[in-house]
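Fit chain B to the known structure of chain A by using the hints.
There are 2 protein chains.
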Amino acid sequence: MDETKIAVLGTGGIGRRTLELMTHKSWGTPVAACDRYGIAVDHDGLDVDELLSATEGNLASERDGDPSTDGGVAVKQSGPDKGVVASEQAVPTETPIDDVIAESEAIDAVVLALPNLEHDFIPRIADRFVAAGFEGVLIDVLKRSRVIGMLDERAADFESNGITFVCGAGATPGVLTGAAALAAQSFVTVESVDIWWGVGLKSGYADNRGTVREDIAHLDGYDIETARELSDEEIEAIIDEHDGVLEFTDMEHADDVLLERAGICDAEAVTVGGILDVRSDEKPTTTTVTVTGTTFDGEQATNTFELGDATSMAANVNGPAVGYLKTAVQRNRNGIYGVFGPTELLPGF
Amino acid sequence: MDETKIAVLGTGGIGRRTLELMTHKSWGTPVAACDRYGIAVDHDGLDVDELLSATEGNLASERDGDPSTDGGVAVKQSGPDKGVVASEQAVPTETPIDDVIAESEAIDAVVLALPNLEHDFIPRIADRFVAAGFEGVLIDVLKRSRVIGMLDERAADFESNGITFVCGAGATPGVLTGAAALAAQSFVTVESVDIWWGVGLKSGYADNRGTVREDIAHLDGYDIETARELSDEEIEAIIDEHDGVLEFTDMEHADDVLLERAGICDAEAVTVGGILDVRSDEKPTTTTVTVTGTTFDGEQATNTFELGDATSMAANVNGPAVGYLKTAVQRNRNGIYGVFGPTELLPGF
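Here the protein sequences come in this chain order: A and B.
Under the numbering used here, residues 1 to 349 are what the first sequence spells out, in order.
Under the numbering used here, residues 1 to 349 are what the second sequence spells out, in order.
Be careful, since some hints might not be right.
[Said to hold, decoys possible] Sample of chain A residues lacking proximity to chain B, with all beta carbon distances greater than 10 Å (derived):
id	residue
1	His-43
2	Gly-133
3	Arg-146
4	Leu-182
5	Gln-185
6	Gly-198
7	Leu-219
8	Arg-279
9	Phe-296
10	Asp-297
11	Glu-306
12	Leu-307
[Unchecked claim] So the derived label-pair ranges between C-beta atoms look like this:
id	chain 1	residue 1	chain 2	residue 2	range
13	A	Val-245	B	Gly-298	23 to 29 Å
14	A	Ser-160	B	Glu-191	52 to 58 Å
15	A	Glu-234	B	Asp-250	57 to 63 Å
16	B	Ser-203	A	Thr-226	54 to 60 Å
17	B	Gln-300	A	Glu-153	52 to 58 Å
18	B	Ser-203	A	Gly-149	41 to 47 Å
Honestly, the hints are just simulated from the structure, not real lab data.
This one's a predicted model, so the numbers in the text were calculated from it and none came from an experiment.
Every residue, glycine too, gets a C-beta built ideally from N, C-alpha and C.
Chain A on its own, in the form it takes in the complex (with noise of 0.2 Å):
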């Protein structure tokens, strides 16, 4: 396919696993990245190794509490050049976001690698493409089941102004509720879809603290508002009381409402849950999808999908969103325009 124009807003985790990973593919280009410090912008392609090693390592532990734009909290912190402008290729900025948008023109697809600890974050962020008159695709790797419906409220948008939104599309939901979809396929009434994922975060932990974040807002007795009032150290606290080992049960996990949205169950039919250990990279349990069904001959069997023990988050997170990227751009191109769920495109390579 015709070269991709790709841009990430965020530098955290999952938006520097996103650049790394495009450097394995050759039909698309990162060409912008920012945030909540600075942009990098190369319509000609990004110097990704640069941008990468510039920013890595040193990492900070303060949070100045604005969620705005992330990535920040992954990325090198000390010096003069905070965050992304530590990279040669960046410039500071109080608006990153905006100036991405001022280049939008160029570009095919944008990567919303923003945490999104209020719900219509990255709602509105969307509203702003909208209204700067974006035409392309927009991705993110939600997890939480009520922001699809806020989506699908701007779907007419969308539509009218040329843009494909692909949400939720990294892990779970994902990857993992597309398998859930394949493996549907068999049946003609659905009973149970189980998600159980596994993540063993020791060496990317640092990485990956707003996921943890996240995951904690998961955790009984804590909600998304109550998550992101924590300090690092109230998180630290609520990890070595668990001895590392976090178990979820009964998450508010968009794969509900995607598999009800693409009619292969009622949302109440899926659980999902899983456990995160982030002191250790093993995994503490096998990632995998249960399906069970009845068949139109009348039989009740149960399909599965597992991702090897040897995967990583990042891998499992990443690869899918970049495949549905690029999925999304071939329905872009084509004219297909509004809000899909990964129930509704098979990823591409």
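Okay, now just chain B, sitting in the frame of chain A:
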């Protein structure tokens, strides 16, 4: 989605199950079915129950050696009303496919549930739809690699005529190739895809003789041409020799070219095999897709997809076929024409 009017060419095992499965789907209506003896058309919707029960049982062992319309081998052959003509909705005809084509302006999608004993049989059927100016979906459940190239040669014709052709949309290729495409998302390079199937066909054997004949072509010492010439008695003798259990390795299955076409791996990296037991309904082995690759962060791992042993071949062929048909109709209505493999589409539900 808007109602989809469906024609089924061939009322052998696959065609009959497609008709039956559509009774579970609110979005589509079978309006035409044919076999070599006749055609049934009702643009308001066929009475599928009547058609299936009128033509069930009393299976013929005769073959007239003419595979040009097929389907007849699995339906009633006795009395004056052979094949589909046993249904009160059907009329005899010498030209069943042309008769369906004559109705095709009111048809959205055509399921080609025909055998492919000659490599170019399905492609030549497609040519006839092109010549008649058909606009809509053509879908097959073919299993042979070299047919994909023949269809690709026709891609420009399909595109200029408004035809969306989905090839290999059954179990394998089909849902299992789609699963391989999803499983590949964790990786940046895919070293191997191994598709291994188990089929237990005791109660479905009579309905699936065409499929068994196609499988025998993959045994050592046989090919498409020699399998085509076998009498039913010779096929029985081969089955007896193997005590009813046939094991296949290194099959020429279109999964390989379809995965290469999607850029996932070289065709040579794909192996397909399986075990067919015609004397038991229990699967002799669990159908499994195994995808081994290397992640962007350098780990080698294996992802797997398994179909529950209680799912029948019919459920795993026809469920995906109908699912891919739904997706193809949506594509067609969006003006996306040409040839697509199951690695490029996530099936609908």
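Self-check item: A:His-43 remote from chain B - nearest C-beta pair above 10 Å
Solution: Since the minimum Cβ distance to chain B is about 24 Å, A:His-43 lies beyond 10 Å and the statement holds.
Quiz item: So the hint says 23 to 29 Å: do the beta-carbon atoms of A:Val-245 and B:Gly-298 match that?
Solution: Hint holds: Cβ distance 25 Å, inside 23 to 29 Å.
Practice problem: Can you let me know if the beta-carbon spacing of A:Glu-234 and B:Asp-250 is within 57 to 63 Å? | Solution: 58 Å, holds
Practice problem: Would you assess whether A:Arg-146, listed as outside the interface, keeps its beta-carbon beyond 10 Å of every beta-carbon in chain B? | Solution: 23 Å, holds
Quiz item: In terms of Cβ atoms, is chain B entirely out of 10 Å range of A:Gln-185?
Solution: Violated, since 4 Å does not exceed 10 Å.
Practice problem: Evaluate the condition: distance from the CB of A:Arg-279 to the nearest CB of chain B exceeds 10 Å. | Solution: 19 Å, holds
Quiz item: Was A:Leu-219 rightly flagged as not at the interface, with every chain B Cβ beyond 10 Å?
Solution: The claim stands: A:Leu-219 keeps its Cβ more than 10 Å from every Cβ of chain B (closest is about 27 Å).
Exercise. Check the following: the C-beta atoms of B:Ser-203 and A:Gly-149 are separated by a distance inside 41 to 47 Å.
Key: 46 Å, holds
Quiz prompt | Outcome of range test on Cβ distance (B:Ser-203, A:Thr-226; 54 to 60 Å) | solution = 57 Å, holds
Quiz item: For the pair B:Gln-300 and A:Glu-153, does the Cβ-Cβ distance stay inside 52 to 58 Å?
Solution: 43 Å, violated
Quiz prompt | Range hint compliance [Cβ, A:Ser-160 to B:Glu-191, 52 to 58 Å] | solution = 45 Å, violated
Quiz item: Does A:Leu-307 really sit off the interface, with its C-beta more than 10 Å from all C-beta atoms of chain B?
Solution: Non-interface label fails for A:Leu-307: nearest chain B Cβ at 5 Å, not farther than 10 Å.
Checked against the numbered hints above, the structure violates hints 4, 5, 9, 10, 11, 12, 14, 17; every other hint is satisfied.
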